[in-house]
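Residue numbering for the sequence shown follows our numbering, starting at 1 and increasing by one per position.
Do not take every clue at face value.
Beta-carbon label-pair distances, calculated as ranges [unchecked claim]:
| hint | residue 1 | residue 2 | range |
| --- | --- | --- | --- |
| 1 | VAL202 | VAL2 | 32 to 42 Å |
| 2 | ALA223 | LYS36 | 39 to 49 Å |
| 3 | ASN201 | ALA223 | 22 to 32 Å |
| 4 | ALA76 | PRO33 | 20 to 30 Å |
| 5 | SER220 | ALA78 | 51 to 61 Å |
Here are the simulated lysine-lysine pairs, DSSO-like style, with alpha carbons at most 27 Å apart [said to hold, decoys possible]:
| hint | residue 1 | residue 2 |
| --- | --- | --- |
| 6 | LYS217 | LYS51 |
| 7 | LYS207 | LYS217 |
| 8 | LYS36 | LYS51 |
| 9 | LYS51 | LYS207 |
Bear in mind the hints are in silico, worked out from the structure with no lab data behind them.
Given the structure is predicted, the values throughout are model-derived calculations rather than measurements.
Heads up, the beta-carbon is just placed ideally off N, CA and C, and yes, glycines get one too.
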Amino acid sequence: MVRTDEKEFIYLDPRFEWELLSDGLLSVYYYGPTQKRAETILQSAQDAVVKMSRVLAVSDVSPISIIAYNNYRHMAVALPPRAQAVREGLVTQGQAFTEIRVVLVLAFDPEVSGITSHEITHVLIDDSAGRGYGVLPIWLNEGLAEFGNISPSESYDNALLYGIYTRRVKPLWHLQSFSGGTDDVVIGYGQSRSVVSYLINVYGEHKMAQLMEDLGKTLSVDAALTETYGFDQRGLDSEWRDWIGLRPINIEELEKSLISTPDAGMVAEQKDSIDDSQDSAVTDYTETPQDGKEGKMSPGCNRSVSSTGPTAVDVSFLALITSTIAMLGLRRFKSLR
Numbered sequence: 001m002v003r004t005d006e007k008e009f010i011y012l013d014p015r016f017e018w019e020l021l022s023d024g025l026l027s028v029y030y031y032g033p034t035q036k037r038a039e040t041i042l043q044s045a046q047d048a049v050v051k052m053s054r055v056l057a058v059s060d061v062s063p064i065s066i067i068a069y070n071n072y073r074h075m076a077v078a079l080p081p082r083a084q085a086v087r088e089g090l091v092t093q094g095q096a097f098t099e100i101r102v103v104l105v106l107a108f109d110p111e112v113s114g115i116t117s118h119e120i121t122h123v124l125i126d127d128s129a130g131r132g133y134g135v136l137p138i139w140l141n142e143g144l145a146e147f148g149n150i151s152p153s154e155s156y157d158n159a160l161l162y163g164i165y166t167r168r169v170k171p172l173w174h175l176q177s178f179s180g181g182t183d184d185v186v187i188g189y190g191q192s193r194s195v196v197s198y199l200i201n202v203y204g205e206h207k208m209a210q211l212m213e214d215l216g217k218t219l220s221v222d223a224a225l226t227e228t229y230g231f232d233q234r235g236l237d238s239e240w241r242d243w244i245g246l247r248p249i250n251i252e253e254l255e256k257s258l259i260s261t262p263d264a265g266m267v268a269e270q271k272d273s274i275d276d277s278q279d280s281a282v283t284d285y286t287e288t289p290q291d292g293k294e295g296k297m298s299p300g301c302n303r304s305v306s307s308t309g310p311t312a313v314d315v316s317f318l319a320l321i322t323s324t325i326a327m328l329g330l331r332r333f334k335s336l337r
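Could you build the full structure based on these sequences and the hints that come with them?
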């Protein structure tokens with residue numbers, strides 16, 4: 001028996017005639033008269049690598065391939081079954097296969113820069129967390145991917161605001177994966193982005209890199225958080241809620257209520273009063289998909305396609321929400337990308 005050397009090759013979707021745009025590290029494969037769009041995708045990926053390799057302390061980034069599909073019908077064939085039907089009302093905009101360092105993106109989505117940077121960040125998270133990547137809760141994985149989004153929209157900000165107003169913001173430790181309906185998923189993205197933004201902007205980028213290292217050692221998000229920050233997911237949840245102006249969850253009451261009603265205690269109480277000196281701005285948070293050990297891929301970057309729900313709240317309703325929450329004293333939302 002003769003043993004030959006390993007050889008890598010790229011197998012591209014045979015339905016299309018592919019072109020290549022590459023800087024040596026990042027390679028964009030595209031088809032049709034879409035070179036300008038490919039250039040936008042490449043630039044977005046480059047920006048994400050610069051930003052998030054610093055945040056995650058990834059010093060040596062290996063090559064990444066980006067496959068740009070012109071529409072969802074074309075891309076759906078290349079998606080795993082789980083991502084093809086994540087949820088009714090959601091469309092997968094991108095997918096990261098972190099183990100083989102391949103990213104799929106919808107090239108003609110108006111949010112393609114954000115989608116690309118989000119999915120590239122998933123690959124860098126894998127690089128940073130190492131063997132800890134498989135135990136990342138979705139709030140941390142997607143929150144980081146949205147922090148890496150170089151062109152974030154306000155949809156997740158609006159979703160989190162909607163979740164607060166409708167009392168549907170879950171305890172952080174319940175966000176190991178996204179569950180519930182379309183609205184709950186999008187609210188979860190908004191919460192994840194906000195929590196990660198809080199950690200990085202309050203405690204610094206170096207702490208996030210340390211968290212990834214500790215996660216690889218402990219294989220436990222609570223142990224890693226405690227080692228890095230001095231609190232676990234419950235402690236972080238309380239800090240974050242206090243920071244944005246929500247009443248921290250009473251753990252004892254939550255545990256008692258869960259015995260009788262499993263869904264009880266899943267929403268936060270708003271504080272009746274907050275120091276008037278706090279900032280009243282209501283803006284930014286961050287979006288993204290989780291990655292488990294199932295072939296090490298992200299569950300996909302999704303957007304809502306429904307005409308209702310938090311991502312489609314009209315201006316008058318948002319004004320109503322904002323004014324109502326302002327009356328309750330919610331004055332500490334901050335834009336912290």
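Legend entry - 27 Å limit on alpha-carbon distance, applied to hinted pair LYS51 and LYS207: holds (15 Å)
Inset, instruction - Given the hint of 32 to 42 Å, check if VAL202 and VAL2 actually sit that far apart at their C-beta atoms. - result: violated (59 Å)
Inset, instruction - Take a quick look at whether LYS217 and LYS51 sit within 27 Å of each other, Cα to Cα. - result: holds (24 Å)
Inset, instruction - Mind checking the hinted window 51 to 61 Å against the Cβ distance between SER220 and ALA78? - result: The hinted range 51 to 61 Å is violated for SER220 and ALA78, with Cβ atoms some 34 Å apart.
Inset, instruction - Starting from the range 20 to 30 Å, see whether the pair ALA76 and PRO33 falls in it by beta-carbon distance. - result: The hinted range 20 to 30 Å holds for ALA76 and PRO33, with Cβ atoms some 22 Å apart.
Legend entry - Assessment of proposed distance window 39 to 49 Å (beta carbons of ALA223, LYS36): holds (47 Å)
Legend entry - Hinted pair LYS207 and LYS217, Cα distance within 27 Å: holds (15 Å)
Inset, instruction - Mind checking the alpha carbons of LYS36 and LYS51 for me, to see if they're no more than 27 Å apart? - result: holds (23 Å)
Legend entry - CB-CB spacing for ALA223 and ASN201 relative to the 22 to 32 Å hint: With a Cβ separation near 24 Å, ASN201 and ALA223 satisfy 22 to 32 Å, so the hint holds.
The structure fails hints 1, 5 (numbered hints given earlier, in ascending order).
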